[in-house]
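Student: Now for the letters of each chain:
Number of protein chains: 2
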Amino acid sequence: MHIKSPSPSNGSLLKIAVEELTKQGCSVTVSDLYAMQFEPRATRNDIVGHLHNSEAFNYGVETWEAYKRGCLSEDLVEEQKKVREADLLIFQFPLFWFNMPAILKGWMDRVLVQGFAYDFSKIYDGGLLQDKLSLFSFTTGVSQEIYSKEGIGGDIRYVLWPMQHGIMHFCGVKVLEPHICYAPENVSEEKRKEMLAAWTQRLKTLWKEEPINCSPEWYFK
Amino acid sequence: MHIKSPSPSNGSLLKIAVEELTKQGCSVTVSDLYAMQFEPRATRNDIVGHLHNSEAFNYGVETWEAYKRGCLSEDLVEEQKKVREADLLIFQFPLFWFNMPAILKGWMDRVLVQGFAYDFSKIYDGGLLQDKLSLFSFTTGVSQEIYSKEGIGGDIRYVLWPMQHGIMHFCGVKVLEPHICYAPENVSEEKRKEMLAAWTQRLKTLWKEEPINCSPEWYFK
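So the protein sequences, as listed, match chains A and B.
Take the first sequence: its letters are residues 1453 to 1673, numbered as in my numbering.
Take the second sequence: its letters are residues 1453 to 1673, numbered as in my numbering.
Simulated from the structure, these hints should not be mistaken for laboratory data.
Incorrect hints may appear among the rest.
No copy labels: a pair is met if it fits in one copy or bridges any two.
Stated by the list, open to error - In silico DSS-like cross-links for lysine-lysine, where the CA-CA straight-line distance does not exceed 30 Å:
no.	residue 1	residue 2
1	1534	1601
2	1626	1475
3	1534	1643
4	1520	1656
5	1467	1574
6	1656	1574
7	1643	1533
8	1643	1574
9	1645	1673
10	1520	1673
11	1475	1574
12	1645	1533
13	1533	1673
14	1584	1643
15	1520	1660
16	1601	1475
17	1533	1601
18	1601	1574
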């Protein structure tokens, strides 16, 4: 089976990040979800062995219990290990339907389980992944004008709320400004080169950046 | 392999909808994505036979071309047939990370391809699925107070923007008020029964409802 990721330009942006950060002396680990054929479906198979309550299966409860017992499936353990060791998580993807593609949403659904990423009162600023930074880097199909307050797509920040606030902030992860390449497939070769150069340039001073103030005001002001 | 859907209460809500709508004389078709082991990953495998451009794989372009040639994979053709025949699409799911679970996001990513659900200037009110209604019915893990303007989760409508506006409205599908069961697992058995009864009750007059005004004002007022 031969699987290619949906958008070629995301490959270039990934490559740039790996090269630039490696050059800086960072240790970079890539989870290429398509290449890994990463499973996006949250099912009973994520728990090895017996269930906590096999009468009424509840994914949240079962993965939490399995995490504590060390009984999560191997692919999840592997991804959690990468997250645990990381200072910065960069999510690189093409925007699909105002959101991340299902394969990446599945990574969020399955990897960030209770006990690992958050716990009872350990959410938002108290989340379990407080020592980490995140950055959503993505390409869109349409122009920046569309994703504005006056555009039919609305402010691009509306799209970022569930990802940045609902997932990363929820787990305590700090969020750097998103990096958005608007409609790279509709622009000139020169403009595309500029986009790639801008990403390289930003990465050079990334570690000096301050996280955004992840409050409703940032998104809906 | 035995796969169960993540939340039991969504099963009850689905069952109620099927029973009530069938009783009304509607012909009801269910796509139980977990039971179908629905594939959420958007890959080259969604195109049967040769690619339009095998040098630089672009999922959007390839599925659009494959749709026109009648070369989409069988599972997608099957789902598109169901959508084509439907007057109303009800999406029943547990909210995962401020969004639908990956398996349902994958349904959106793979089924609603260009040519079928929208086309060049045929988007939003001009979308290709204008004759249809949709309804997002979901359960949450936390209470209604959390999902309010003052709550840490923000207004629940912020969460609805990418789904209702970014997907359904984009394809021309009209949107009925969402149906939300807040934290069914944290409430009393009696309150749960009330929730189920409220859903049954709403379904009785569903066809008389007017779609919401799917504009930024509805979401961010």
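Student: At most 30 Å between alpha carbons: which applies to residue 1645 and residue 1673, within, between, both or neither?
Tutor: Neither. Shortest intra-copy (32 Å) and inter-copy (39 Å) distances fail the 30 Å Cα cut-off.
Student: For residue 1645 vs residue 1533, is the C-alpha pair at or below 30 Å within one copy, between two copies, both, or neither?
Tutor: Classified as neither; 35 Å inside a copy, 42 Å across copies.
Student: Between residue 1534 and residue 1601, at a C-alpha cutoff of 30 Å, which is it: within one copy, between copies, both, or neither?
Tutor: neither (37 Å within a copy, 35 Å between copies)
Student: When Cα atoms must be at most 30 Å apart, do residue 1534 and residue 1643 count as within-copy, between-copy, both, or neither?
Tutor: Result: close neither inside a copy nor across copies, 34 Å intra and 42 Å inter.
Student: Treating 30 Å as the Cα threshold, decide for residue 1643 and residue 1533: within, between, both or neither.
Tutor: neither (38 Å within a copy, 40 Å between copies)
Student: How would you label the pair residue 1656, residue 1574 (within, between, both, or neither) given a Cα cut-off of 30 Å?
Tutor: neither (33 Å within a copy, 42 Å between copies)
Student: Give the relationship of residue 1520 and residue 1673 under a CA distance limit of 30 Å: within one copy only, between copies only, both, or neither.
Tutor: neither (40 Å within a copy, 42 Å between copies)
Student: Pop the pair residue 1520 and residue 1660 into one bin, within, between, both or neither, using alpha-carbon distances up to 30 Å.
Tutor: The answer is neither: 36 Å in one copy and 49 Å across copies each exceed 30 Å.
Student: Give the relationship of residue 1626 and residue 1475 under a CA distance limit of 30 Å: within one copy only, between copies only, both, or neither.
Tutor: within (24 Å within a copy, 51 Å between copies)
Student: Within a copy, between copies, both or neither: which one fits residue 1601 and residue 1574 at a CA-CA cutoff of 30 Å?
Tutor: between (34 Å within a copy, 21 Å between copies)
Student: Reference check for the pair residue 1584 and residue 1643, CA-CA at most 30 Å: within, between, both, or neither?
Tutor: neither (32 Å within a copy, 39 Å between copies)
Student: First find the shortest C-alpha distance between residue 1467 and residue 1574 inside one copy, then the shortest across copies, and answer within, between, both or neither for a cut-off of 30 Å.
Tutor: neither (35 Å within a copy, 35 Å between copies)
Checked against the numbered hints given earlier, this structure breaks hints 1, 3, 4, 5, 6, 7, 9, 10, 11, 12, 13, 14, 15, 16 and 17; the rest are met.
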